[in-house]
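Quick mapping for you: the protein sequence lines, in order, are chains A and B.
According to our numbering, the first sequence is numbered sequentially starting from 1.
According to our numbering, the second sequence is numbered sequentially starting from 1.
Some clues are possibly wrong.
What the hints assert, rightly or not - Partial pick of chain A residues on the chain B-facing surface, computed with a CB cut under 7 Å:
| no. | residue |
| --- | --- |
| 1 | Tyr81 |
| 2 | Glu83 |
| 3 | Ala86 |
| 4 | Ala94 |
| 5 | Pro96 |
| 6 | Met101 |
| 7 | Ser105 |
| 8 | Arg112 |
| 9 | Lys116 |
| 10 | Arg160 |
| 11 | Trp163 |
| 12 | Val167 |
| 13 | Gly273 |
Unchecked claim - Between beta-carbon pairs, the in silico distance windows are:
| no. | chain 1 | residue 1 | chain 2 | residue 2 | range |
| --- | --- | --- | --- | --- | --- |
| 14 | A | Glu146 | B | Gly81 | 56 to 64 Å |
| 15 | A | Ser227 | B | Ala234 | 51 to 59 Å |
| 16 | B | Ala125 | A | Leu49 | 51 to 59 Å |
| 17 | B | Gly81 | A | Ala103 | 18 to 26 Å |
| 18 | A | Ser227 | B | Arg143 | 41 to 49 Å |
| 19 | B | Pro157 | A | Ile180 | 22 to 30 Å |
As the list claims (entries may be wrong) - Some chain B residues judged to face chain A by a derived CB distance under 8 Å, without partners named:
| no. | residue |
| --- | --- |
| 20 | Gln63 |
| 21 | Glu67 |
| 22 | Ala70 |
| 23 | Glu73 |
| 24 | Tyr74 |
| 25 | Glu77 |
| 26 | Pro89 |
| 27 | Arg90 |
| 28 | Trp93 |
| 29 | Arg96 |
| 30 | Arg108 |
| 31 | Ser109 |
| 32 | Met112 |
| 33 | Arg117 |
| 34 | Val119 |
| 35 | Pro141 |
Source of the hints: derived by calculation from the structure; they are not laboratory data.
Idealized CB from N, CA, C, for every residue including glycine.
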Amino acid sequence: MSEERGKPTEGARPTVELYHSEPNGACARVMICLEEKGLEYASHYVGALDFDSVRREPPRPELPELSSGEVPVLVHDGGAYTEASAICEFLEEAFPDRPLMPAQSRGRWEARVWQKYVDDGFAASVSELAWHAYGAPALSALPASELAAALERIAARERRDLWRAAVAGFGEQQLSRARIRVEAVVQKIESQLAGAPWLAGSQYSLADVAVFSYFKYLPALCSGVVSDAAVPRAMSWMRAVAARPAVRAALRRGRSTDPFTVAAPGPEQIRWG
Amino acid sequence: MAVELYFFQPLGSNSGRVFLTLLEKGVPFTEHELNGRAFEQLRPEYLTVNPRGQVPALLHDGQAFTEGAAICEYIDEAFEGPPLRPPQPRARWRMRRWCRYLDSDIGRSLMMIHWNRIVPAFMGARSREEVERVLSAVPDPDRRRAWLSAYLQQTPPAELAESHRRVQEAAARIEAALSGSPWIAGPSYSLADIDLLNFYSFIARWSPEIVNDGLTPHTMAWIGRMEDRPAVRALRAATHTPRPAAETA
Numbered sequence: 001m002s003e004e005r006g007k008p009t010e011g012a013r014p015t016v017e018l019y020h021s022e023p024n025g026a027c028a029r030v031m032i033c034l035e036e037k038g039l040e041y042a043s044h045y046v047g048a049l050d051f052d053s054v055r056r057e058p059p060r061p062e063l064p065e066l067s068s069g070e071v072p073v074l075v076h077d078g079g080a081y082t083e084a085s086a087i088c089e090f091l092e093e094a095f096p097d098r099p100l101m102p103a104q105s106r107g108r109w110e111a112r113v114w115q116k117y118v119d120d121g122f123a124a125s126v127s128e129l130a131w132h133a134y135g136a137p138a139l140s141a142l143p144a145s146e147l148a149a150a151l152e153r154i155a156a157r158e159r160r161d162l163w164r165a166a167v168a169g170f171g172e173q174q175l176s177r178a179r180i181r182v183e184a185v186v187q188k189i190e191s192q193l194a195g196a197p198w199l200a201g202s203q204y205s206l207a208d209v210a211v212f213s214y215f216k217y218l219p220a221l222c223s224g225v226v227s228d229a230a231v232p233r234a235m236s237w238m239r240a241v242a243a244r245p246a247v248r249a250a251l252r253r254g255r256s257t258d259p260f261t262v263a264a265p266g267p268e269q270i271r272w273g
Numbered sequence: 001m002a003v004e005l006y007f008f009q010p011l012g013s014n015s016g017r018v019f020l021t022l023l024e025k026g027v028p029f030t031e032h033e034l035n036g037r038a039f040e041q042l043r044p045e046y047l048t049v050n051p052r053g054q055v056p057a058l059l060h061d062g063q064a065f066t067e068g069a070a071i072c073e074y075i076d077e078a079f080e081g082p083p084l085r086p087p088q089p090r091a092r093w094r095m096r097r098w099c100r101y102l103d104s105d106i107g108r109s110l111m112m113i114h115w116n117r118i119v120p121a122f123m124g125a126r127s128r129e130e131v132e133r134v135l136s137a138v139p140d141p142d143r144r145r146a147w148l149s150a151y152l153q154q155t156p157p158a159e160l161a162e163s164h165r166r167v168q169e170a171a172a173r174i175e176a177a178l179s180g181s182p183w184i185a186g187p188s189y190s191l192a193d194i195d196l197l198n199f200y201s202f203i204a205r206w207s208p209e210i211v212n213d214g215l216t217p218h219t220m221a222w223i224g225r226m227e228d229r230p231a232v233r234a235l236r237a238a239t240h241t242p243r244p245a246a247e248t249a
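Chain A on its own, in the form it takes in the complex (with noise of 0.2 Å):
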């Protein structure tokens, strides 16, 4: 189950180590942000249904973070990082060459006001559709037993929660609603766009990382209101992102040939209001 890629640094620079499935969603989000930074890593590739399989992997006590499964997870020098927005702001404030935080801090807020939105619920919703799409039609070829068995094996309740929302199928009322969200957060991308190349102003910033790895389903998933015809700012902005070469290197690091045309069940709801 895993794969070494990149080779442990020698001397005294700190090593990078990354456990994350296909670079999409919340594990795109980091990938992307290494590769712009120039920071080699050693990958740790974790299926979506191999809940157990980082406890395969050579024990480490020393980082409880890696015991839920969850991904993605940075390691640095001896420590454990998740979330992805608190580990692009992490990778930035320790590798802050090649920045991608603007230098003002208006665009700052700006970048995390984005970042905000992507995790308080753009991730969610594009991730119900994403799976309602792919994930769901990719379960059908597990048995039954052994996917229930995976699932027992969830640590962590709130994931457990998620994953057998996601097996039961989501519904028509959730998926509209999800459809409402994703709109919203797509027409604030438009209009944003409309006096600014990037998200956050001037500079290509984090920002444009959180969102893309999201987006990038939704011209698939949405073609409706995701289109050249519909928003047509936002779709160039999206194959700017796309063009540039520290994110087709990133995308390139899956096992997929298109990571967005897979999915795994994502982040939770924002539970209230």
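With chain A held as given, fit chain B onto it using these hints.
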């Protein structure tokens, strides 16, 4: 360098975290108290400040800033005064994880429990038709649904039970963190402590069976240290009960 803040009383959660951050930094600001019971956050003049109709909002030199967590980081970056984020990247990562957990997970669980207790009374003497008319102006559909389900007492019991479970879990997690360090994210006081105070510490009064001297001594000692801070005292002095809806509707 004019700074203005739009907030709700009594000062707590998102309004309280930004108010306290300004006090800790020593930033002077103009206060604009909005009356939540009169739904002043949905009035056109406020929607020009924040089209989402949510509080708080900060104005700095004419520019509007929204979203509590992002505002607090902005204040720490843009103004002189004691730093409210630890200098080391690992400690900052820890701080941001606490801030997000407190705001988006535990804060929302507590909000669900709290709203289900207070929203019917909060609506005062309004008829159901009036309540629905007022809430139809809430711009965000998820927020609108949350209001209505609290008002109609239709939040599914399983959801409320899950919120209570998460609060119990949080109490243990927070106690464990505070037993190893004086502040929630490590050796230095930070925005995470400000969030813990504003999103969580009131459960020592609401749910003393969960947070008390016997079960969670480190949390209680932390609350004591917080309440001794001059900025927190100033926050308490600035806090008052809002006028009831009947006087303002």
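Hint check:
no., hint, in the structure
1, Tyr81, "6 Å, holds"
2, Glu83, "6 Å, holds"
3, Ala86, "4 Å, holds"
4, Ala94, "4 Å, holds"
5, Pro96, "10 Å, violated"
6, Met101, "11 Å, violated"
7, Ser105, "4 Å, holds"
8, Arg112, "4 Å, holds"
9, Lys116, "6 Å, holds"
10, Arg160, "12 Å, violated"
11, Trp163, "16 Å, violated"
12, Val167, "18 Å, violated"
13, Gly273, "4 Å, holds"
14, A:Glu146 <-> B:Gly81: 56 to 64 Å, "57 Å, holds"
15, A:Ser227 <-> B:Ala234: 51 to 59 Å, "53 Å, holds"
16, B:Ala125 <-> A:Leu49: 51 to 59 Å, "55 Å, holds"
17, B:Gly81 <-> A:Ala103: 18 to 26 Å, "21 Å, holds"
18, A:Ser227 <-> B:Arg143: 41 to 49 Å, "29 Å, violated"
19, B:Pro157 <-> A:Ile180: 22 to 30 Å, "26 Å, holds"
20, Gln63, "7 Å, holds"
21, Glu67, "5 Å, holds"
22, Ala70, "4 Å, holds"
23, Glu73, "6 Å, holds"
24, Tyr74, "4 Å, holds"
25, Glu77, "5 Å, holds"
26, Pro89, "4 Å, holds"
27, Arg90, "6 Å, holds"
28, Trp93, "4 Å, holds"
29, Arg96, "4 Å, holds"
30, Arg108, "4 Å, holds"
31, Ser109, "7 Å, holds"
32, Met112, "4 Å, holds"
33, Arg117, "13 Å, violated"
34, Val119, "11 Å, violated"
35, Pro141, "6 Å, holds"
Hint compliance for this structure: hints 5, 6, 10, 11, 12, 18, 33 and 34 are not met, and every other hint is.
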